[in-house]
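Quick note, the sequences are listed as chains L and C, same order. Numbering follows this note's numbering, with no gaps: position 50 of the first sequence is 50. Numbering follows this note's numbering, with no gaps: position 177 of the second sequence is 177.
Since the hints were derived computationally from the structure, they do not count as laboratory data. A quick note: this is a predicted structure, and the numbers were derived from the prediction, not measured. Heads up, some of the hints might be wrong.
As the list claims (entries may be wrong) - Now the stretches of chain C that chain L is said to cover, found in silico as 3 or more residues with beta-carbon under 8 Å:
1. 122-135
2. 172-185
Unchecked claim - In silico lysine to aspartate or glutamate, EDC-like type, Cα no more than 20 Å apart, as pairs:
3. C:Lys-176 / C:Asp-146
4. C:Lys-130 / C:Glu-113
5. L:Lys-101 / C:Asp-201
6. C:Lys-172 / C:Glu-131
7. L:Lys-101 / L:Glu-81
8. C:Lys-148 / C:Asp-127
9. L:Lys-76 / C:Asp-183
10. L:Lys-78 / L:Glu-67
11. L:Lys-76 / C:Glu-126
12. C:Lys-130 / C:Glu-116
13. C:Lys-148 / C:Asp-183
14. C:Lys-55 / C:Glu-45
15. L:Lys-78 / C:Asp-151
16. L:Lys-78 / C:Glu-60
17. L:Lys-101 / L:Glu-61
18. L:Lys-78 / L:Asp-48
19. L:Lys-101 / C:Asp-24
20. C:Lys-55 / L:Glu-67
21. C:Lys-55 / L:Asp-8
22. L:Lys-76 / L:Asp-8
23. C:Lys-172 / C:Glu-190
24. C:Lys-172 / C:Asp-146
25. C:Lys-176 / C:Asp-151
26. L:Lys-101 / L:Asp-48
27. L:Lys-78 / L:Glu-30
28. L:Lys-76 / C:Glu-4
29. C:Lys-148 / C:Glu-179
Just so it is clear, CB atoms sit at the ideal spot from N, CA and C, and this is done for glycine as well.
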Amino acid sequence: MNAPERLDPLTTAEAWKNAGREVALATVVETWGSAPRQAGSHLVIDGDGNFEGSVSGGCVEGAVITEAMDVIASGKAKMLEFGVADETAWRVGLSCGGRIKVFVERLG
Amino acid sequence: MRLEDLTRLNRARAERRAAVVLTDLASAQMSLVLEGDAVEGPRGEAIAQALRTGKAAHVEIEGQSLFINVYLPPPRIVVIGAVHISQALARLAPVAGYDLTIIDPRTAFATDERFEGVTLVADWPEDVLKETPLDSYTALAAVTHDPKIDDFPLSAALSAGCFYVGALGSRKTHAKRVERLTDMGNTAEEIARIAAPIGLDIGAATPAEIALATLAQIVQAFRCRDLVTGR
C-alpha cells in the first residue's frame, strides 16, 4: 500500500480484513462544542492494537483502541462518550473542551 | 459493518460515486446506499440532505436511532502543464486527499519518468476535456504560461463552475490574459474568480513552495465554498 492509501482508514480496514486480521471500526457519530474531528471520521483498529485514522486529535484514541479490543473479542458494538479531561480523576478526555460520541463495531 | 459492504463502499469511492451508510445504532445493522439508488420516505429525505450538505448526521427516524455517514467524491485537481511546480503538486495533493490529473500536450514535459505514478495525459486540453469534462468538484490550475495551452481550459473551468480556478503568471501576464479571456466571451465577473498570481501569499519562492501555496488556496476555496451555488 502506498502512503496516501494508508492514510485512508476504510481502505486500510478492507486490506487488513482480507489479510485475515480481526478489525474494529470506530466512527465519530456526534460532537458537541469544539471537537477536533467531525462526525463521520473513522479510526480502524486490528486485534493487535495497530490503528489508522483518528477520532480526535490523539486525546482519546488510546481509550478507543482498548475498547475496540473488547468489541473484537465479543463481537458486540459499543457506544463511547468522551467529555472534558479530568486530570485529577485520571480520566481520558478532550482538552479542547468538547464532547464526542464514538461508535465502535466489529468488521464482519 | 460487513466486509462485503465495506468492499462495495470502497469501490464506489474509488469510482468517484457518492455513497451513504446508514447504521442502526441499536443493532449495528448497516445499509449502503449509492448515489442514484432510490430510497422512499423519511429515510430518503435524510439521505438526500446528507448528499446535499456532505455532512454526517445522527437522526431519529420512526423510532430508530440512525447514524447517516456520507462519502462524497474527493475533490479533483486538474493541472494544465507538466512543469516543475506540477511535479511537487502531484506529490502533495494525494496526501491532502485530492485526486490529481496533469494535462500537457508537450511530450518533452509530460513524461512518465518525470511523473511516476501520476495520472498524466500528453494531449491538448481541448481534446482531453471533451472526454472528461470539468465540474464543480474540480479545481483547475493552469501553470504553463503559454496562452495556446492555458487559455482554453481556463475559459472552460469558468463555464463549468470549477470551485477553484488559478493561473500562474505575473500581474502583467495576467492583465494580458484577462483581455484574451474577455475576447473569448467570458464575463468580467467570471474572470475575477481566477486566482492570479496563483497561490496563497506566503512568500513562496521555490516550485515546491508555490505548489504548497496553490494547494492551500485550493483547500481554502473548497472548504469555504457556498454549498448552494457550489462556489
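Discussion item. Can you confirm whether the C-alpha distance between Lys-78 (chain L) and Glu-67 (chain L) stays at or below 20 Å?
Written reply: With a Cα-Cα distance of about 8 Å, the restraint between Lys-78 (chain L) and Glu-67 (chain L) holds, given a limit of 20 Å.
Item to complete: Measure nothing beyond the straight line between the CA atoms of Lys-148 (chain C) and Asp-127 (chain C); if it is 20 Å or shorter, mark the hint as holding.
Response: holds, 13 Å
Worksheet item: Taking 20 Å as the top limit, are the C-alpha atoms of Lys-78 (chain L) and Glu-60 (chain C) close enough?
Response: Holds: Lys-78 (chain L) and Glu-60 (chain C) sit about 18 Å apart, inside 20 Å.
Worksheet item: Given the hint that Lys-176 (chain C) pairs with Asp-146 (chain C), does the C-alpha gap stay at or below 20 Å?
Response: OK: Lys-176 (chain C) and Asp-146 (chain C) at ~12 Å, within 20 Å.
Fill in: Straight-line alpha-carbon gap Lys-101 (chain L) to Asp-201 (chain C), limit 20 Å
violated, 38 Å
Worksheet item: Given the proposed pairing of Lys-172 (chain C) with Glu-131 (chain C), does the C-alpha separation stay at or below 20 Å?
Response: violated, 33 Å
Worksheet item: Hey, Lys-148 (chain C) versus Asp-183 (chain C), does the alpha-carbon distance stay inside 20 Å?
Response: holds, 14 Å
Discussion item. Checking one constraint from the list: CA of Lys-76 (chain L) to CA of Asp-8 (chain L), max 20 Å. Satisfied?
Written reply: Given pair Lys-76 (chain L), Asp-8 (chain L) is violated - Cα atoms ~25 Å apart, limit 20 Å.
Worksheet item: Going straight from one Cα to the other, do Lys-101 (chain L) and Asp-24 (chain C) come out at no more than 20 Å?
Response: Cα-Cα ~15 Å, so holds.
Fill in: Agreement of Lys-78 (chain L) and Asp-48 (chain L) with the hint, judged by alpha carbon distance not exceeding 20 Å
holds, 19 Å
Fill in: Distance restraint between Lys-176 (chain C) and Asp-151 (chain C), which requires alpha-carbon spacing of 20 Å or less
holds, 11 Å
Discussion item. Against the 20 Å threshold, does the CA-CA distance of Lys-172 (chain C) and Glu-190 (chain C) hold or violate the hint?
Written reply: Given that 20 Å is the threshold and the Cα spacing comes to 19 Å, the pair holds.
Of the hints listed earlier, those the structure fails to meet are numbers 1, 2, 4, 5, 6, 9, 11, 12, 15, 20, 22, 26, in rising order.
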